[in-house]
Structure formats: C-alpha cells, structure tokens
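*Asks:* The residues making up each chain are set out below.
There are 2 protein chains.
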Amino acid sequence: MKIKYEHVLPMEIEKRSFEIISEELVRRGIRLNPELEPVIKRVIHTTADFEYAETLTFSPDAVGHAMQAIRDGACIVTDTRMVMSGINKNTLEKYGSRVYNFISDEDVAESAKKNQTTRSAACMDKAAGLNVPLIFAVGNAPTALIRLYELIQEGRICPKLVIGVPVGFVNVEYAKELILKTDVPYIVACGRKGGSNVAAAICNAILYRMDETRGR
Amino acid sequence: MKIKYEHVLPMEIEKRSFEIISEELVRRGIRLNPELEPVIKRVIHTTADFEYAETLTFSPDAVGHAMQAIRDGACIVTDTRMVMSGINKNTLEKYGSRVYNFISDEDVAESAKKNQTTRSAACMDKAAGLNVPLIFAVGNAPTALIRLYELIQEGRICPKLVIGVPVGFVNVEYAKELILKTDVPYIVACGRKGGSNVAAAICNAILYRMDETRGR
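Protein chains in written order, with the working numbering: chain A, 1 to 216; chain B, 1 to 216.
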C-alpha cells in the first residue's frame, strides 16, 4: 500500500478537502477571484478536476445576483432529476425556496414528442409558465439550454441566473456560447465538461455562501 | 459564433455522442478491450473526460459477473441519493432488481453518530443486513468504501460487484486501493476522480449491455 490513510473526523472531511484544494491551486499558480472562489472550489471538490478553475465563466456579480434572487423568493428549475437530487433541499427551504423538475411529467413527454425535441427542452417551456423568479440549473441537456436561450430571446422568460453546465459532445459548446451572448446573469462551464453533479455543486455553493454571509 | 450547430434528432443524440467518442479515442490512439468498452465509453459520455479510459480498472470479467448477478436477483446499494437518482430504474425493474439507499434513514444517522463515522459508511453496515445478493455503487464517500472493505474482510458481506468511484481529496485513493486488494469483482476509477454521475453511468452501462445481449 503506497498511499497512507489520513485520519480526519467525519465532520472535518469537507474542511480538509477544501484546504487541499487551496494548497493545490497555489501550487498550480492559480489565483481565484474571491467572489467566485466558493463556487469554483466547490465544483473542484465535486469533480476533483482543476480544469474548472479555467473553464468556469461568470457574468458580473452572478453569485450576488443569485443570492439576492433567492432571498427575494426565486426557485430553481433543473433539467434532470439528478441535479434536483444533488441540491441541498434543507438549506434551500430555509430561504423559502424550492426546486422544480418536470422531466417525468406526462405533458412534458407529450410536448417533446409533438415538437420533435427532448423532454429536457420541453421542461424549459413548462418552466416559462411558472409565476415566480427562476434560477435555471442545466447540468445535462444542451437542448434545454438552447430552448432556454430561445425563450429568453422571445422575452418569455427572464432568469435571475442561468447555470449552464451541460456535459457532452453534441451541441454542448454551441449551447453554452448562446448563453454567454445573453444579458442574463450566468455561470457557464465552457467546453464539453460539466454535469448534473457540477450543476448541483454550483447551486449548493451559492446556498452555503448565503449561510456564511447571513446577517452581515 | 465560432462553433456550428449540428442538427441531430433527439433520439439520435446519444448515438452521435458515442460516434464522436469512438472517433476521438482512435485519434488519441486508445484501443479499448471490447468487453469493457461499453462501460468506459458511457463514463466518458457522462463526464466528457477521456482520462477515464486510463483510470477505470476492472477485475476479470467484472461486467459479466455483474450482469449474471442481476439476472440472479442482485440489487444495487448506493452511497448517495444522487447515484440512486441517476440509475435507470425502468431498465433495472425489468430485471426484477431495485436500488437501495439508506442515507436518510433515522437508524443510519444514529449509528453514524454513535460510531463517529459518516452516514455513508453506516449505510454499508445496514446493507450487510439485506438478504439478497448485492452490487455496491459508491460514487461519493471514500468512508463508505473503506467500511465496505472492512465488512468484506470480516466476511459479513460478499458483494457481486463493487463499483468504487468516490471522488475527492481525503482518503479517496486509499479507499480505492483497498478494494483492488480484495477478491470481489470490482470496477474502480483509480485516482481522485469519480462521482455520483460516474457510479450511475457504470450501473446503466451494465444494464444496457444486458438489454443488448438479451436472448443471445
């Protein structure tokens, strides 16, 4: 056995992980913008992939906008159940917020079939009918991100934040570039990488940041 | 806009993604073992990370063992809800199987507190009480993998397959090396990388392989 066991108490594991990430960022000569640091580090924590320090792209004050939106009653819409499953619901509910995911809804399946699109894209249309401010967390389907872009352009939806981190090989980079062209606040992982775990990590980083700055 | 839109029908996106992955593997000079190919390609599909072509490590006939185990009634135990959420339950149920996850159980929280361990590790103890053959899919917690190793060594559990792909910085590589030392069938992502999405992708790759080879 070459690798030694490091004794860390269960409740200290996350703290120790973030220390290791910070040390390794210094070793790699990467200095993060303090405002973006909690999000970038949590994504690295979730993926063990330091590439995200280079690829995560933020519109000005994206994190601040998102925190204010949740305080003002914004809810989160996800493209997959896995993103929904990864978001810390206890923390979210503390702020009176909740997560919506429509992927299993009968009407979404029907609308996707009718419009020859994916169910994830049809979910965005359904979200346009919600009467609350919305944050979109897209971790899987570029088709959802493209449809979201169209709905923004048509003025049918005005997200408080778009977390655009789908992963894959077909139109993923294209979909992300569309979001970069909009005027809405965004956090986008440029390139092919991303995923449901990345989308959930970004949501949680924003929520934990709200906890940390509460009452300041 | 530098990146062009590729017109692909919704139901063709996955097929096209796998074609791109295959082409890129050839370009990188990587030739996969045909038996392991469906699993490795699905993990790359889920992560857009070609590193997994190098780091995924399989015990002999791990995929075959897993397929036979599910046919013989094996169920899947996961360390997080996110892994559970990512597994294709429709396909799994077709084979009379199901997924167990105990992370939210009251008795698991109590046992974790009592034993100063994580809830994920306590889930493994609870799984030892199940009276069916089991496949373990660990995508998050190295503590779960370490506890699983101990239970294997104590003869209290004999998994049909261990999917050992936790991600992170504290004892993750250590935990994976323990599993490589056992006699049980395993699929392990060596190094720090892995995740709930990777664990779910491996489960789904096995299930889809069962569909493809059905009746042969």
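Wrong hints could be hidden among the right ones.
The list treats identical chains as interchangeable, and a pair is accepted whether it falls inside one copy or across any two copies.
[Unchecked claim] Derived lysine to aspartate or glutamate pairs resembling EDC-like cross-links, with alpha carbons at most 16 Å apart:
hint: 1; residue 1: Lys4; residue 2: Glu24
hint: 2; residue 1: Lys2; residue 2: Glu173
hint: 3; residue 1: Lys193; residue 2: Asp49
hint: 4; residue 1: Lys181; residue 2: Glu150
hint: 5; residue 1: Lys114; residue 2: Glu54
hint: 6; residue 1: Lys94; residue 2: Asp72
hint: 7; residue 1: Lys193; residue 2: Glu51
hint: 8; residue 1: Lys126; residue 2: Glu173
hint: 9; residue 1: Lys15; residue 2: Glu37
hint: 10; residue 1: Lys41; residue 2: Glu19
None of these hints come from the bench; they were simulated from the model.
*Asks:* For each hint, tell me whether it holds in the structure or not.
*Replies:* Hint by hint, here is what the structure shows:
1. Lys4 x Glu24: neither (18 Å within a copy, 36 Å between copies)
2. Lys2 x Glu173: between (40 Å within a copy, 10 Å between copies)
3. Lys193 x Asp49: The answer is both: 10 Å in one copy and 7 Å across copies each meet 16 Å.
4. Lys181 x Glu150: So Lys181 and Glu150 pass the 16 Å test inside one copy only (12 Å; across, 52 Å).
5. Lys114 x Glu54: neither (40 Å within a copy, 42 Å between copies)
6. Lys94 x Asp72: Intra 13 Å, inter 45 Å, cutoff 16 Å: intra-copy only.
7. Lys193 x Glu51: both (9 Å within a copy, 12 Å between copies)
8. Lys126 x Glu173: For Lys126 and Glu173, neither the intra-copy (24 Å) nor the inter-copy (43 Å) Cα distance is at most 16 Å.
9. Lys15 x Glu37: within (15 Å within a copy, 37 Å between copies)
10. Lys41 x Glu19: within (10 Å within a copy, 33 Å between copies)
Hints 1, 5 and 8 from the earlier list are contradicted by this structure; the remaining hints agree with it.
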